[in-house]
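For the sequence shown, the working numbering assigns the number 16 to the initial residue and increments by one for each residue that follows.
Be a bit skeptical, because a hint or two may be false.
Claimed, not checked - No more than 30 Å apart at the CA atoms, straight line, and that leaves these computed lysine-lysine pairs for DSSO-like: (1) Lys74 - Lys165; (2) Lys62 - Lys122; (3) Lys122 - Lys107; (4) Lys114 - Lys74; (5) Lys115 - Lys74; (6) Lys114 - Lys62; (7) Lys114 - Lys157.
Honestly, the hints are just simulated from the structure, not real lab data.
Remember, predicted model here, so these are calculated numbers, not experimental data.
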Amino acid sequence: MKLSRIALAGAAAASTVLLVAGPAAAHVSVQPVGEAAKGGYATLNFKVPNERDQASTVKLEVSFPAEHPLSSVTPQAVPGWKITIDRSTLDKPLEVHGKKITEAVSKVTWTADEGEIAPGYFQQFPVSVGALPEDADQLVFKAIQTYDNKEVVRWIEEPTAGGDEPDSPAPVLKLTAASEDHHGGAAGDAEKADDHQAAGAQASSKETSTAASSSSSDTTARTLGIIGIVIGIGGVAFGVLAGRRRSA
(Lines of atoms letter the chains of each structure in order from A and count residues from 1; the text may use other names and numbers.)
(Lines give C-alpha, C1' and ligand atoms only; values in the text may rest on other atoms or scores of the structure.)
Protein backbone atom coordinates (compact mmCIF):
# COMPACT_ATOMS: atom_id res chain seq x y z
CA MET A 1 0.00 0.00 0.00
CA LYS A 2 2.82 2.39 0.88
CA LEU A 3 4.49 1.75 -2.49
CA SER A 4 1.21 2.43 -4.28
CA ARG A 5 0.78 5.72 -2.42
CA ILE A 6 4.35 6.74 -3.20
CA ALA A 7 3.82 5.89 -6.89
CA LEU A 8 0.60 7.92 -6.99
CA ALA A 9 2.28 10.85 -5.29
CA GLY A 10 5.17 10.70 -7.77
CA ALA A 11 2.79 10.60 -10.72
CA ALA A 12 0.86 13.58 -9.36
CA ALA A 13 4.06 15.53 -8.89
CA ALA A 14 5.22 14.70 -12.42
CA SER A 15 1.89 15.81 -13.91
CA THR A 16 2.10 19.05 -11.94
CA VAL A 17 5.55 19.74 -13.37
CA LEU A 18 4.25 19.09 -16.89
CA LEU A 19 1.31 21.42 -16.35
CA VAL A 20 3.60 24.17 -15.10
CA ALA A 21 6.24 23.67 -17.78
CA GLY A 22 3.74 23.32 -20.63
CA PRO A 23 2.53 26.93 -20.87
CA ALA A 24 6.12 28.26 -20.57
CA ALA A 25 6.86 26.84 -24.02
CA ALA A 26 4.41 29.33 -25.54
CA HIS A 27 6.25 32.62 -25.36
CA VAL A 28 6.56 35.78 -27.43
CA SER A 29 8.67 35.03 -30.50
CA VAL A 30 9.84 36.73 -33.71
CA GLN A 31 9.97 35.23 -37.20
CA PRO A 32 10.88 36.85 -40.54
CA VAL A 33 8.62 36.73 -43.58
CA GLY A 34 10.94 34.86 -45.93
CA GLU A 35 14.47 35.44 -44.68
CA ALA A 36 16.35 38.08 -42.69
CA ALA A 37 19.64 38.53 -44.55
CA LYS A 38 22.54 40.51 -43.13
CA GLY A 39 22.65 44.02 -44.57
CA GLY A 40 19.17 43.70 -46.04
CA TYR A 41 15.59 44.58 -45.17
CA ALA A 42 12.95 42.23 -43.82
CA THR A 43 9.41 42.04 -42.48
CA LEU A 44 9.22 40.56 -38.99
CA ASN A 45 6.23 39.04 -37.23
CA PHE A 46 6.15 39.25 -33.43
CA LYS A 47 3.90 36.36 -32.39
CA VAL A 48 2.14 36.79 -29.05
CA PRO A 49 0.18 33.84 -27.62
CA ASN A 50 -2.17 34.24 -24.68
CA GLU A 51 -1.04 31.91 -21.87
CA ARG A 52 -3.76 32.68 -19.33
CA ASP A 53 -7.17 31.04 -19.07
CA GLN A 54 -8.86 33.91 -17.23
CA ALA A 55 -7.16 36.99 -18.71
CA SER A 56 -6.56 38.62 -22.09
CA THR A 57 -3.40 40.25 -23.43
CA VAL A 58 -3.91 43.99 -23.87
CA LYS A 59 -0.38 45.33 -24.36
CA LEU A 60 2.93 44.39 -25.97
CA GLU A 61 6.19 46.31 -25.69
CA VAL A 62 9.15 45.33 -27.89
CA SER A 63 12.56 46.92 -27.31
CA PHE A 64 14.95 47.10 -30.26
CA PRO A 65 18.65 46.27 -29.74
CA ALA A 66 20.67 49.39 -28.95
CA GLU A 67 23.95 47.72 -29.94
CA HIS A 68 22.61 47.24 -33.49
CA PRO A 69 20.31 50.22 -34.20
CA LEU A 70 18.03 49.95 -37.22
CA SER A 71 17.66 53.01 -39.42
CA SER A 72 14.18 51.99 -40.60
CA VAL A 73 11.41 50.53 -38.41
CA THR A 74 7.87 50.68 -39.78
CA PRO A 75 5.09 48.76 -38.00
CA GLN A 76 2.03 47.61 -39.89
CA ALA A 77 -1.36 48.73 -38.63
CA VAL A 78 -3.16 46.04 -36.62
CA PRO A 79 -6.95 46.46 -36.33
CA GLY A 80 -8.02 47.19 -32.76
CA TRP A 81 -4.51 48.13 -31.58
CA LYS A 82 -2.89 51.53 -31.06
CA ILE A 83 0.83 51.80 -31.92
CA THR A 84 3.37 54.02 -30.14
CA ILE A 85 6.96 54.42 -31.38
CA ASP A 86 9.79 55.59 -29.12
CA ARG A 87 13.06 56.92 -30.53
CA SER A 88 16.44 57.57 -28.97
CA THR A 89 19.52 59.56 -29.99
CA LEU A 90 22.37 57.45 -31.27
CA ASP A 91 25.83 57.71 -29.74
CA LYS A 92 27.26 57.08 -33.19
CA PRO A 93 25.19 58.29 -36.18
CA LEU A 94 24.40 55.85 -38.97
CA GLU A 95 25.04 56.63 -42.62
CA VAL A 96 22.31 55.32 -44.92
CA HIS A 97 22.22 56.15 -48.63
CA GLY A 98 24.52 59.09 -48.08
CA LYS A 99 22.46 60.53 -45.21
CA LYS A 100 23.36 60.61 -41.52
CA ILE A 101 20.79 59.09 -39.16
CA THR A 102 21.07 60.45 -35.63
CA GLU A 103 17.96 58.75 -34.17
CA ALA A 104 16.68 55.19 -34.19
CA VAL A 105 13.59 53.40 -32.91
CA SER A 106 14.22 52.05 -29.42
CA LYS A 107 10.77 50.61 -28.65
CA VAL A 108 7.44 49.87 -30.29
CA THR A 109 4.33 49.46 -28.12
CA TRP A 110 0.99 47.96 -29.17
CA THR A 111 -1.94 48.76 -26.85
CA ALA A 112 -5.37 47.21 -27.27
CA ASP A 113 -7.93 49.81 -28.28
CA GLU A 114 -10.90 47.76 -29.41
CA GLY A 115 -9.14 44.42 -29.73
CA GLU A 116 -7.32 42.07 -27.37
CA ILE A 117 -5.78 38.60 -27.39
CA ALA A 118 -8.32 36.33 -25.69
CA PRO A 119 -7.45 33.03 -23.95
CA GLY A 120 -6.64 30.33 -26.48
CA TYR A 121 -5.66 32.78 -29.22
CA PHE A 122 -2.54 34.52 -30.50
CA GLN A 123 -1.83 37.71 -32.45
CA GLN A 124 0.94 38.67 -34.87
CA PHE A 125 2.38 42.18 -35.01
CA PRO A 126 4.24 42.82 -38.32
CA VAL A 127 7.14 45.29 -38.56
CA SER A 128 9.30 46.19 -41.56
CA VAL A 129 12.93 46.74 -40.51
CA GLY A 130 16.35 47.47 -41.99
CA ALA A 131 19.06 47.67 -42.73
CA LEU A 132 19.95 44.57 -40.70
CA PRO A 133 23.51 44.53 -39.30
CA GLU A 134 26.23 42.77 -41.26
CA ASP A 135 28.39 42.05 -38.20
CA ALA A 136 25.87 40.01 -36.18
CA ASP A 137 24.36 36.53 -36.43
CA GLN A 138 21.23 37.32 -34.43
CA LEU A 139 19.22 40.14 -32.88
CA VAL A 140 17.55 39.96 -29.47
CA PHE A 141 14.27 41.82 -28.95
CA LYS A 142 13.19 42.05 -25.31
CA ALA A 143 9.41 42.01 -24.93
CA ILE A 144 6.94 42.77 -22.15
CA GLN A 145 3.43 41.29 -22.24
CA THR A 146 0.63 42.80 -20.15
CA TYR A 147 -2.73 41.20 -19.32
CA ASP A 148 -6.01 42.91 -18.47
CA ASN A 149 -5.72 41.67 -14.86
CA LYS A 150 -2.56 43.84 -14.49
CA GLU A 151 -0.22 40.84 -14.71
CA VAL A 152 3.05 41.63 -16.50
CA VAL A 153 5.27 38.97 -18.08
CA ARG A 154 8.81 40.00 -19.05
CA TRP A 155 10.28 38.04 -21.95
CA ILE A 156 13.76 39.50 -21.52
CA GLU A 157 16.14 36.64 -20.71
CA GLU A 158 18.78 36.18 -23.40
CA PRO A 159 19.61 32.58 -24.37
CA THR A 160 23.16 31.33 -23.93
CA ALA A 161 25.05 29.31 -26.53
CA GLY A 162 24.70 25.61 -25.78
CA GLY A 163 22.62 26.26 -22.67
CA ASP A 164 19.05 25.44 -21.75
CA GLU A 165 16.26 27.79 -22.77
CA PRO A 166 15.52 30.39 -20.06
CA ASP A 167 12.18 30.44 -18.26
CA SER A 168 11.25 33.75 -19.90
CA PRO A 169 13.28 33.86 -23.13
CA ALA A 170 13.48 37.02 -25.21
CA PRO A 171 12.50 36.80 -28.90
CA VAL A 172 15.62 36.08 -31.01
CA LEU A 173 15.90 36.75 -34.75
CA LYS A 174 18.43 34.59 -36.60
CA LEU A 175 20.18 36.37 -39.47
CA THR A 176 21.14 34.58 -42.68
CA ALA A 177 24.08 35.22 -45.00
CA ALA A 178 24.07 38.52 -46.84
CA SER A 179 22.39 38.50 -50.25
CA GLU A 180 23.97 40.16 -53.29
CA ASP A 181 21.24 42.76 -53.70
CA HIS A 182 20.65 43.39 -49.94
CA HIS A 183 16.93 43.68 -50.62
CA GLY A 184 15.74 40.20 -49.75
CA GLY A 185 14.57 38.73 -53.03
CA ALA A 186 14.83 41.61 -55.49
CA ALA A 187 17.36 39.65 -57.54
CA GLY A 188 14.94 36.73 -57.80
CA ASP A 189 12.20 39.10 -58.96
CA ALA A 190 14.57 40.53 -61.59
CA GLU A 191 15.37 37.03 -62.86
CA LYS A 192 11.67 36.25 -63.09
CA ALA A 193 11.11 39.49 -64.99
CA ASP A 194 13.91 38.56 -67.41
CA ASP A 195 12.35 35.13 -67.92
CA HIS A 196 8.96 36.73 -68.63
CA GLN A 197 10.58 39.15 -71.10
CA ALA A 198 12.40 36.29 -72.85
CA ALA A 199 9.21 34.27 -73.05
CA GLY A 200 7.38 37.32 -74.42
CA ALA A 201 10.08 37.85 -77.03
CA GLN A 202 9.84 34.21 -78.13
CA ALA A 203 6.07 34.42 -78.30
CA SER A 204 6.30 37.65 -80.32
CA SER A 205 8.80 36.03 -82.68
CA LYS A 206 6.49 33.05 -83.18
CA GLU A 207 3.53 35.35 -83.82
CA THR A 208 5.55 37.35 -86.37
CA SER A 209 6.70 34.15 -88.12
CA THR A 210 3.15 32.81 -88.16
CA ALA A 211 1.82 36.10 -89.51
CA ALA A 212 4.48 36.18 -92.25
CA SER A 213 3.73 32.57 -93.19
CA SER A 214 0.01 33.29 -93.25
CA SER A 215 0.55 36.40 -95.39
CA SER A 216 2.71 34.43 -97.84
CA SER A 217 0.08 31.70 -98.06
CA ASP A 218 -2.64 34.29 -98.78
CA THR A 219 -0.56 35.90 -101.55
CA THR A 220 0.13 32.53 -103.21
CA ALA A 221 -3.53 31.57 -103.05
CA ARG A 222 -4.59 34.86 -104.61
CA THR A 223 -2.04 34.52 -107.42
CA LEU A 224 -3.16 30.98 -108.23
CA GLY A 225 -6.77 32.12 -108.16
CA ILE A 226 -6.10 34.93 -110.65
CA ILE A 227 -4.19 32.55 -112.95
CA GLY A 228 -7.10 30.10 -112.80
CA ILE A 229 -9.57 32.84 -113.71
CA VAL A 230 -7.43 33.95 -116.68
CA ILE A 231 -7.12 30.37 -117.93
CA GLY A 232 -10.87 29.89 -117.56
CA ILE A 233 -11.65 33.05 -119.55
CA GLY A 234 -9.18 31.96 -122.25
CA GLY A 235 -10.86 28.56 -122.45
CA VAL A 236 -14.31 30.12 -122.86
CA ALA A 237 -13.05 32.46 -125.60
CA PHE A 238 -11.38 29.59 -127.43
CA GLY A 239 -14.61 27.58 -127.27
CA VAL A 240 -16.68 30.44 -128.71
CA LEU A 241 -14.25 30.99 -131.66
CA ALA A 242 -14.16 27.29 -132.38
CA GLY A 243 -17.98 27.18 -132.51
CA ARG A 244 -18.17 30.06 -134.95
CA ARG A 245 -15.64 28.44 -137.30
CA ARG A 246 -17.67 25.25 -137.39
CA SER A 247 -20.81 27.19 -138.17
CA ALA A 248 -19.05 29.02 -141.04
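Hint by hint, here is what the structure shows:
1. Lys74 - Lys165: Distance of about 10 Å is within 30 Å: holds.
2. Lys62 - Lys122: Satisfied, since the Cα-Cα distance of roughly 16 Å is no more than 30 Å.
3. Lys122 - Lys107: holds, 18 Å
4. Lys114 - Lys74: Not OK: Lys114 and Lys74 at ~34 Å, beyond 30 Å, violated.
5. Lys115 - Lys74: Violated, at about 33 Å.
6. Lys114 - Lys62: Violated - the C-alpha atoms of Lys62 and Lys114 are around 33 Å apart, more than 30 Å.
7. Lys114 - Lys157: holds, 29 Å
Violation of the numbered hints given earlier is confined to hints 4, 5, 6; the remaining hints are satisfied by the structure.
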